[in-house]
Amino acid sequence: MATIRVQTEDFDAGAEIAKVRTGNPKVGAVAAFVGVCRDRNDGENVSSMTLEHYPGMTERELARIVDEARVRWDVIDITVVHRVGRLAPTDQIVLVVVAGAHRGEAFAACEFLMDYLKTRAPFWKKEETPQGARWVDARASDDAAAERWMTGAKRDAA
Amino acid sequence: MVKVLYFANLREDLGTAGEELSLPADVTTVAALRAHLIARGGAWSSSLALGKAVRVAVNQEMARPDAPVKAGDEVAFFPPVTGG
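Heads up: the protein sequence lines correspond to chains A and B, in order. The opening position of the first sequence corresponds to residue 273 in our numbering, with each subsequent residue numbered one higher. The opening position of the second sequence corresponds to residue 74 in our numbering, with each subsequent residue numbered one higher.
Don't read these hints as lab results, they were simulated from the structure. A virtual CB, placed ideally from N, CA and C, is assigned to each residue, including glycine. Worth double-checking, as some hints may not be accurate.
Said to hold, decoys possible - If you only want the chain B side, here are some residues facing chain A, beta carbon under 8 Å, derived:
| id | residue |
| --- | --- |
| 1 | Ala81 |
| 2 | Asn82 |
| 3 | Thr101 |
| 4 | Ala149 |
| 5 | Phe151 |
| 6 | Val154 |
Chain A extracted, bound-state conformation (with noise of 0.2 Å):
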């Protein structure tokens, strides 16, 4: 099973929890990621965030990250929840939730889902700063964290 939702509402991350693993006798562990937005990035002060989306395209990425996961690992259900639109300091920007049997496969598929996310599904960031508005420069950080996942060293650790 899985769940992905492009959504401006926000969402409550106890209630998608609860989803998965309610009624279900099978689910051992449930690990939950919530992104947040800071109020600083790259040295300037950040009033707030506009997030722009692919329609179509970014629920078909997600769609193809989920499945990545689910031939990774034995996982139970995952949810996926990525917020568009305005959101200000202290919004929860994305929810990522993998209900499994055990834990390893649950934090492992969340963390690969989380980095597959920020590199691949086509979402676009610009924060407003008291110098103007500017478009947030993808991380080679992120880049990295992502390429871990492709040696199958994370993937063995797991």
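Chain A is already provided as a structure; the job is to place chain B on it using the hints.
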């Protein structure tokens, strides 16, 4: 005709979110389409210049420069992604 879409800073710099384009006969790949757009000059040549980090998707799937482009396709140009 192909549907060409532009996102994020490319959409802003080019002043358009997309267009319907009829392909010249010699434009059959992603790289050729990019070169065709660069040849318009101005913001097109600066924003899509080969040194710039521009990603391309064909029919909503990431595509390499040698990927084929044909009538009816949806081709999107955008910068490296920054979600999450």
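### Query
Holds or violated: is there a CB of chain A closer than 8 Å to the CB of Ala81(B)?
holds (4 Å)
### Message
Quick check on the hint: Phe151(B) CB to chain A CB, less than 8 Å?
### Response
holds (6 Å)
### Query
Does the interface hint hold: is Thr101(B) within less than 8 Å of chain A, judged Cβ to Cβ?
violated (22 Å)
### Task
Have a go at the Ala149(B) hint: is there a Cβ in chain A nearer than 8 Å to its own Cβ?
holds (6 Å)
### Task
Against chain A, run the beta carbon of Asn82(B) and see if the smallest gap drops under 8 Å.
For Asn82(B), the interface hint holds, since the closest Cβ of chain A sits about 5 Å away, which is under 8 Å.
### Task
Hold the hint about Val154(B) up to the distance rule: shortest CB distance to chain A must be less than 8 Å.
holds (5 Å)
Hint 3 from the earlier list is the only one contradicted by this structure; the remaining hints agree with it.
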